[in-house]
Amino acid sequence: MIPRLLSPIIHERLAQFPAVALLGPRQVGKTTLAILIAKEQSAVYLDLETPEDREKLSNPKLYLEGHRDKLVIMDEVHRVPELFQELRGIIDEGIRSGRKAGQFLFLGSASMDLLKQTGESLAGRIAYVELNPLNVLEVPTSELNSLWQKGGFPDSFLAKSNQHSFIWRQNFIRTYLERDIPLLGPRIPAETLRRFWTMLAHKQGSTLNASQLARGLAVDGKTIANYLDLLVDLLLVRRLIPFHKNIGKRLVKSPKIYVRDSGVLHALLGIHSREGLYAHPSIGMSWEGFVIDNLLQLAPDFVLSSFFRTQSGAEIDLLLEFPGGEIWAIEIKRSLSPKLEKGFYFAHKDIQPSKSFVVYPGEERYFIHEDIEVISLRALCQLLLQLS
601 MIPRLLSPII HERLAQFPAV ALLGPRQVGK TTLAILIAKE QSAVYLDLET
651 PEDREKLSNP KLYLEGHRDK LVIMDEVHRV PELFQELRGI IDEGIRSGRK
701 AGQFLFLGSA SMDLLKQTGE SLAGRIAYVE LNPLNVLEVP TSELNSLWQK
751 GGFPDSFLAK SNQHSFIWRQ NFIRTYLERD IPLLGPRIPA ETLRRFWTML
801 AHKQGSTLNA SQLARGLAVD GKTIANYLDL LVDLLLVRRL IPFHKNIGKR
851 LVKSPKIYVR DSGVLHALLG IHSREGLYAH PSIGMSWEGF VIDNLLQLAP
901 DFVLSSFFRT QSGAEIDLLL EFPGGEIWAI EIKRSLSPKL EKGFYFAHKD
951 IQPSKSFVVY PGEERYFIHE DIEVISLRAL CQLLLQLS
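Residue 988, in the working numbering, is where the sequence shown stops; the numbers in between run on with no holes.
For the record, the hints were derived by calculation from the structure and aren't laboratory data. Be a bit skeptical, because a hint or two may be false.
To be verified - Calculated cross-link-like contacts (lysine to aspartate or glutamate; reagent style EDC-like; alpha-carbon spacing at most 16 Å): (1) K955 to E973; (2) K661 to E612; (3) K949 to E915; (4) K853 to E915; (5) K949 to E970; (6) K760 to E743; (7) K661 to E682; (8) K933 to E963; (9) K939 to E915; (10) K656 to E682; (11) K939 to E973; (12) K656 to D692.
What the hints assert, rightly or not - Pair ranges (Cβ atoms, derived): (13) V644 to P608: 37 to 45 Å; (14) D780 to K942: 24 to 32 Å; (15) K942 to E743: 49 to 57 Å.
For every residue, glycine included, the Cβ atom is placed at its ideal position computed from N, Cα and C.
Can you make the complete structure from the sequences, with help from the hints?
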């Protein structure tokens with residue numbers, strides 16, 4: 601069992617809100633974390649994928665009346681969306697009787713249906729917490745390359761061999777396409793969505809070209825937008841927006857797209873081993889996506905993220921905007937001796953960030969310029985965690 605950094609935050613939210621929704625892709629560790637929480641207090645656990653537990657909630661008010669003093673954990677809650685209307689009254693009744701916090705913990709895939717249901721029915725009564733795959737601060741420093749290669753899903757990262765890890769990720773992708781996504785509502789042919797997901801993997805870190813993707817799948821642009829929205833909502837793909845402040849430059853307006861988990865990315869690209877990764881032309885974009893996903897996992901919720909690129913070629917991989925106007929500029933390099941291109945310096949002059957970092961795979965920390973610091977991924981993640 602790998603301790604998760606998010607665990608104290610879930611406890612804090614449960615102490616503040618009547619209901620907490622723990623959202624994240626399948627197999628990321630939500631159930632394991634919830635069961636640990638259940639062991640620490642009086643709780644009842646319901647797996648709504650099982651007919652037996654769904655039957656218990658055929659009359660939710662009657663069943664939950666018998667557990668009014670316990671934390672009720674509902675796993676795969678998106679399977680019973682009609683439940684939320686009933687829960688609003690039950691939660692409000694609990695609040696009136698003095699239970700202002702810690703009534704329910706919901707677990708589910710971050711589908712739009714789930715967010716819509718809870719948002720409509722439980723507004724002001726619920727807090728959302730996103731559980732992501734393992735990050736660099738949750739594994740030993742010596743395992744960073746393994747985490748990058750295998751990804752952060754616990755069963756993939758902890759697999760006893762590269763082959764077992766790769767097979768797990770292949771089956772993870774297949775299960776999502778053939779079972780989980782159809783259960784969430786959209787009726788999309790599994791093979792079509794696989795091709796789309798694979799196309800995004802080959803375009804890792806590129807700006808979105810919807811018309812090119814549409815031609816490749818023989819669909820229209822609206823369909824591409826729907827496919828992308830689905831994978832973003834399920835926390836499987838990240839859409840990084842462009843910086844949009846008016847600085848008198850012609851800025852790129854399309855978002856950049858990343859497959860969020862590096863292990864899933866490598867499975868989609870057919871990369872079986874670390875040697876295969878080092879020889880693959882996508883290694884730079886894989887590392888960039890891995891760094892961005894880790895940084896944004898650990899950045900405080902109030903931080904806004906974007907990238908900067910002008911039509912003339914000035915570019916910064918990641919910008920973090922803090923309340924009050926402070927901006928951190930982050931460039932990502934795979935080299936142990938990182939060198940910055942002119943485009944970064946032009947962008948740096950345009951943005952004039954408060955702090956500037958170059959993230960690289962080494963451990964030494966030093967200045968490459970009077971206001972640009974070279975730093976390891978782990979060290980920058982620790983800086984962000986301290987701000988939370």
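task: Tell me, in ascending order, the numbers of any earlier hints that this structure violates.
output: When the structure is compared with the hints, numbers 2, 12, 13, 14, 15 turn out to be violated.
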